[in-house]
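The task is simple: from the sequences and hints, build the whole structure.
There are 2 protein chains.
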Amino acid sequence: MAEVLTSEYRLARESDLKRFVASVLERVGVAAADAAIVADVLVASDLRGIESHGVARLESYYVSRIRSGKLDPTPVVTTVRETPASLLVDAGNGLGHPVAKRTMERILEKAGTTGAAFGAVRNSNHYGIAGYYAMMALDRDMIGIASTNTVRYGAPTFGRDILLGTNPLAFAIPAQSEPAFVLDFATTTVPRGKLEVYGRKEKPLNAGWAIDENGHETLDPKVALKGALLPLGGFGVEGGGHKGYGLGLLVDILCGVLSGGAFGADLPLPTDGPQPGKISHFFGAFKIDGFRDPAQFKADMDTELRGFKESAKSPGHDRIYVAGEIEYENTLKNREHGVPVHVKVWDGLQKLAAELDLPFEVE
Amino acid sequence: MAEVLTSEYRLARESDLKRFVASVLERVGVAAADAAIVADVLVASDLRGIESHGVARLESYYVSRIRSGKLDPTPVVTTVRETPASLLVDAGNGLGHPVAKRTMERILEKAGTTGAAFGAVRNSNHYGIAGYYAMMALDRDMIGIASTNTVRYGAPTFGRDILLGTNPLAFAIPAQSEPAFVLDFATTTVPRGKLEVYGRKEKPLNAGWAIDENGHETLDPKVALKGALLPLGGFGVEGGGHKGYGLGLLVDILCGVLSGGAFGADLPLPTDGPQPGKISHFFGAFKIDGFRDPAQFKADMDTELRGFKESAKSPGHDRIYVAGEIEYENTLKNREHGVPVHVKVWDGLQKLAAELDLPFEVE
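Residue numbers (numbering that gives the first Met the number 0), protein chains in the order written: chain A, 0 to 362; chain B, 0 to 362.
In case anyone wonders, no lab produced these hints; they're calculated from the structure. No experiment lies behind these values; they were computed from the predicted model shown. All C-beta atoms in this analysis are idealised placements derived from N, C-alpha and C, irrespective of residue type, glycine included. Some clues are possibly wrong.
Derived CB-CB ranges, DEER-like [stated by the list, open to error]:
| hint | chain 1 | residue 1 | chain 2 | residue 2 | range |
| --- | --- | --- | --- | --- | --- |
| 1 | A | 225 | B | 192 | 36 to 42 Å |
| 2 | A | 211 | B | 28 | 55 to 61 Å |
| 3 | B | 342 | A | 225 | 49 to 55 Å |
| 4 | B | 268 | A | 104 | 40 to 46 Å |
| 5 | B | 268 | A | 192 | 49 to 55 Å |
| 6 | A | 81 | B | 51 | 42 to 48 Å |
Here is the structure:
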């Protein structure tokens, strides 16, 4: 395909893009099976329209860290503790995606037997979009949960120290004819990348996004980039910022403390550069048939989701979405027409291919 | 005790208050064991400083509904489905608190055996604070989860129909020397009661709280009371309102759809008056020792929570709290000095005692 979508994007064939991502990772020493998983997760993110977590990160988050020795391409992954309903895995400072996918598979197996199971992974690295792992539950008529702590960007309510990652939480729940409900959200109001975008455009930030380094709210992106992100709900407590802060801390506990991994101020700051194995993940799943017949449940899910989608719109809006719907529609569209890749990212992938002496066969 | 705290509050002895609440419920036909549970949950709320969910609701939420035949004081509670890791209960349109407490007890028993378990209750009524049930996991070295859908007050992002309750989510995680982490929050930015308080004081609302009946954001409490609450994150998507909407819908699915109870537009509006058995609850628990030695985990929880509490404060703030800390300190203080009861609530309880020909022996 590779037609030009706009002047800023080119369209790539999904299979080509995955094959190329996997070939890059294999070239820097990642096992083929692991590389294929990373490629699947990254391209799934681009398919869903979440460019920030897709192939754009291949070089900076993964390849460069392997080449600089910060991330082990052939990690020793160990099961630290296992029961019929739980699993704790040490990722051996490897890529996050393969260990996350395999841990979620084992959790789904366990939940298939026991009805409900949870798992955690420590000593890992960035694993892409949390929603990918939660969605693995859908085909099995289970409800899936996935989360991860991250590099620190955010401050707690009433505080100015940077102590919390963007700490996403994801839940996936199947429906019948409707797309599944897939809620996947950062527990900060916005990601740090949004401050950078506003900085480049010299646009003032929205209230509730960030504080300066002294702990005052700021709308200046350059000042905010030296400060901290605010939790969902914004500054102080009037907009519910303490709730977002609580959710961010919940994620750090479920990932970092429960796994015996890094948590709180032991997590890296962005300025620290890559820190081996400081990231932890959390997963869960439980069976719908422990409560109801899954077919009845999914028929009711259709009713529930349609009830929201078909309700009255605010002025100036012609659609109400449910969580995961936009990403589902993006996936359908991008599967048909090609995966949009920003020209700068496209150029970066070509440059990476040349550096690694690999063909760039993406159309 | 019953000393005067301020001109607005009197202090009640905890045991007297519980005994009185239980005696009122027994007088209107509730079994003694059930009445004792309701009394414990309501007074726990007042002890924690959450007046809105405490004895202030005894008459309007519970007694009046029993007396008007809207709520069954002697419900037939049935187990609809049960597996080693799950439980679905029909509350028979009884009080929410007894069925919720007993369901969570059974979930904790199940999780003690299997490692992880979930439960749901349908055809129920308001159950007080969600945190009470999540906290039942703490003594067992488990992580507890509780949620409930509610009467409808809120609109989805880009919408103006009232489709979502305040739908609280609660998580309780034990620590060692520090108070437990207890996150218990409504997924709307504020409760409807806050609009009423601002209306009485003729104060403008904060941004992000409410819309008018046409779907425009409003700061006028009187206009907002005819409109709808906004989800956590506020109006539109810039402040993350779609995340709060997603959380609210998640709760409605886990409670209403998973239980086969009422959900979405089938939930009552406040103006509908009490609707029998339209409320559903959701519970979960899993064992910490499936991941780590609980003593080590709890020691790390102390480190995690202290790391936040001892971090640098914003200008004008001398404390950073972690979720549940304020409520824990309120409980200690109120256990020592007495439970604060607003004079209007106190008068209401006395009036109720007179109506029911019961002694009001609260000091």
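- Hints the structure violates: just list their numbers, smallest first. 5
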